[in-house]
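Student: So you can see what is in the structure, the chains are spelled out below.
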Amino acid sequence: MIDLLEKYPKVVEDEVVFWYKAAPASAFPENGGACVKYKDLQIAVFNFSRKGEWYACQNLCPHRMQMILSRGMIGSSGEEPKVACPFHKKTFSLKTGENLNGDTCAITTYPVKIEDGYVYVGFDSGYS
Amino acid sequence: MTTKKSQIIVVGNGMVGYKFCEKLRNSDTEDRYQVTVFGEEPWPAYDRVHLSSYFTNTDPHKLQMAPRSWYAENKVELRTNELVTLIDKENRVVVNHLGESFPYDYLVLATGSSAFVPPVPGVDKKGVFVYRTMEDLEAILAYGKKVKSAAVLGGGLLGLEAAKAVMDMGLEAHVVELAPRLMPNQLDEQGAALLRSKLESLGIGIHLGKMTKEIQGNGKLTGLAFQDGSFLETEMLVISAGIKPRDELAAKAGLELGKRGGILVNDALQTTDRHIYAIGEAAVHRDKVYGLVAPGYEMASQVVNQLLDKETKPFLGFDMSTKLKLIGVEVGSFGDPFGTSEPSHPISFEDKAKGQYKRINISEDGKRLIGGVLVGDSSSFGMLLQMTQNGMPLPPSPEDLILGGRDGKSNNPMEGLEALPEGAQICSCENVTKGDICQHVEDTASGDLGQIKKCTKAGTGCGGCLPMINDLAKHQLKKMGKTVKNVICEHFPYSRQELFDIVKIKGIKSYNQLLDEFGEGDGCEICKPAVASILASVWNEMILRQDTIQDTNDRFLANIQKGGTYSVVPRIPGGEITPEKLIVIGQVAQEYNLYTKITGGQRIDMFGARVDQLPDIWEKLIAAGFESGHAYGKSLRTVKSCVGSTWCRYGVQDSVSFAIRVEERYRGLRSPHKLKGGVSGCIRECAEAQSKDFGVIATEKGWNIYVGGNGGSKPQHAKLLVNDVDTETCIRYLDRFLMFYIKTAEPLQRTATWLNKLEGGLDYLRDVVVNDCLGIGRELEKEMDFMVTTYSCEWKEVVNNPELRAKFKHFVNAEEEDPNVQFQPIRGQKIPVDWKS
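Protein chains in written order, with the working numbering: chain A, 1 to 128; chain B, 1 to 837.
Please keep in mind that the hints were generated in silico from the structure rather than gathered at the bench.
As the structure is a prediction and not an experimental result, all values here were calculated from the model.
Hints are not guaranteed to be accurate.
Said to hold, decoys possible - As a list, the in silico PhoX-like pairs of lysine-lysine whose alpha-carbon atoms are at most 20 Å apart:
| no. | chain 1 | residue 1 | chain 2 | residue 2 |
| --- | --- | --- | --- | --- |
| 1 | B | 836 | A | 89 |
| 2 | B | 479 | A | 89 |
| 3 | A | 89 | B | 674 |
| 4 | B | 836 | A | 7 |
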């Protein structure tokens, strides 16, 4: 199961070489998330419609290795946008991926952009 | 400075070896050292203290101190599966089993210990094991499958851990101890006797004062022959009789050893070569080997401090106080448990009925606590240990310490915390003081336990100090003048009750509107479901109109289970069901290959449905006349019933009909937490109504109403609200009780806790519900009537609404299901593959 984690290496915006056109923005619930499939990856994409912001991270919660984060509730801790895993309420920053309420390892976050009403998720050369 | 970094080599990647690396990396901010650590086992360091949990869950990752990635990220070169075979101390080089050499500037020997195997004839027989490493455990687990009984040699701490492990494997367990009592190093005679009787009542055979003469068996084990002529039949033997420091490498290198083995170290933890340190169980300091992890961690800290030229103090021995839960029995031993280190007098107290024994040893002048023993209830351990370690003054009647405050005398733990000096060690595994914790709380102005653990490391070892840390954090917040106001989270400066009133009075119907007008930020996983529950309790609108503020169970109207599939529970009011409907459940479960189980609430749960299957499953159930059971909601679950006067020869009222009426009245009612009810047809109480949030028990004259009962981890009997009321009055009072609870409770507070904390308690509740002292009785009934008349089955709405139905899928951009969902068979059904734990 540890191998699953290794499929999600960190991606930073500057190194994106490929933007995957995932789905129309309207397919994502307001102030919530949905799961995007890209090759054999599962990416959770979150629509912070109150603020007009989008975030993406691995769908895998590293605490119990469950493909679930897209079904988690989103929100903020101070200024930090976050998602809470539905299983045990581990919360992760959607900016840094860091676990905010414990010492579970961090998750990988991905850049997201909206163009012409479509949601794009960015991948670097490691996964394009 | 651009000088070359110094090289540290750590031999041994056990708990202490790992802790050394962690502490060094945390403190070596100037990056002065390069670190290489050798471990002979194939995996990174794991938590040996909780090894027995491996018996119930065989995922080795769970026990890891840190994943491999930690070593890489922290620039610690980890070489597992490599044995260091030679130290050349003249040239400062170690050599591994492959013959490769590695130079060092400092060498840290954390080679640990191996199990001490007494020289008894027959220890080499098949079926004899030691209890030390993960590999030992795997061998024990494999062999344990072939036998029915096992004996553990050693009645100390580790031996009893091992006994628990073999008991967990389902084997008949025996403990054999040479001394005349269990845990001879920690417990006195009376405490050990109580522990013995508790363990015996759990079915563990205890054999004391037994010197093993021979382990008998022809190839395979048959039993133990003792010096006194007696014989114990057993098919397996686990030796856990103590430890033997791993000093062979040090001995070969010519380092001096202790008289009975162990690498000799001075107060600076240096061996006889000043470039070589020894820490943990491998070291012998002032004739003592420390077989616990806390002193090992302390040694690691001290060496780190020396290497980084930080303030160091000599290692002067370590308090061996221990607290643990052995097979469900709490045991604590602190300071000098026997009171023999100085003249003292003991005070002891035993309650045989409760199975508790407590002893404290008071110094001769009556001013200090020097140690003690606790069996059966170790809740005062933290406080007593602190008083012992810090020489705190005793109260005028020291017996209060173990008897608790009597005659209305206060026994508030907070008062004790106040008296603790700043330097008092709260977490002995990580050596965190009261000052450290208070400082953290002060700096962050927050008492968040997770953050305290993360930043100070307190409570991350054995976890025994966590309750105390929590009290301390609260205490500190209070001292800082931060009133601990019951606001629901950082996004709303209101209590649940205040938010409830705001929603109702201002007519607010959406979470976003409430957040815009009365909150701040983007909300979170605490306020979203709490507000969702309030909105549902006030307006009773379809909850999926705001699906992303619901917890996952409410968002998908099903209960999430391991693996990310859901379980489905149709309502079966009162537990009454026709054969036709039973058949439908069977057919649906069969068609979708669902695991089925009878629940505790007299209904049937079907597990393993993928999110995309849920609407199809419900379409079939609804067509057969079922409706949602709300097993997923913080809402009414079931009203359990006994069969009552229709069939039962003792029944005095028709409990099934009444249970169905009550369940159908409150179905779908959203509340601060789940609600369970029960109706019994006579005083025999077969429906266990007194363990429910509301229970109704038939009498000759009508019904008795009980409220505030609870099963779960803190079971509590419901309390009698009113006697002998007729059916309509009963319903009216239940309406009022439930609505009053819904309007005033905290988020996720069950009725039992709510009632316990309600000012005025049961009498006040009776005044409100029965005597209508607030004059709100009518209003509460009207509000409940609104809930009853606006009820509709959520699943029916989803099934008939294509837009809602479309939300039930795993991927937003693909029609396929989650490929990671996997099952395995069990007893003719399926269960999810176990998760990483």
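Student: Hint by hint, note whether the structure agrees.
Tutor: Hint by hint, here is what the structure shows:
1. At most 20 Å may separate the alpha-carbon atoms for a hinted pair to count; residue 836 of chain B and residue 89 of chain A meet this at roughly 16 Å.
2. For the proposed pair residue 479 of chain B and residue 89 of chain A, the alpha carbon gap of about 30 Å is over 20 Å, so the pair is violated.
3. Between residue 89 of chain A and residue 674 of chain B the CA atoms are separated by roughly 18 Å; this keeps the pair inside 20 Å, and the hint holds.
4. Note on residue 836 of chain B and residue 7 of chain A: the hinted pairing holds, with a Cα-Cα distance of about 17 Å set against a maximum of 20 Å.
Violation of the numbered hints given earlier is confined to hint 2; every other hint is satisfied by the structure.
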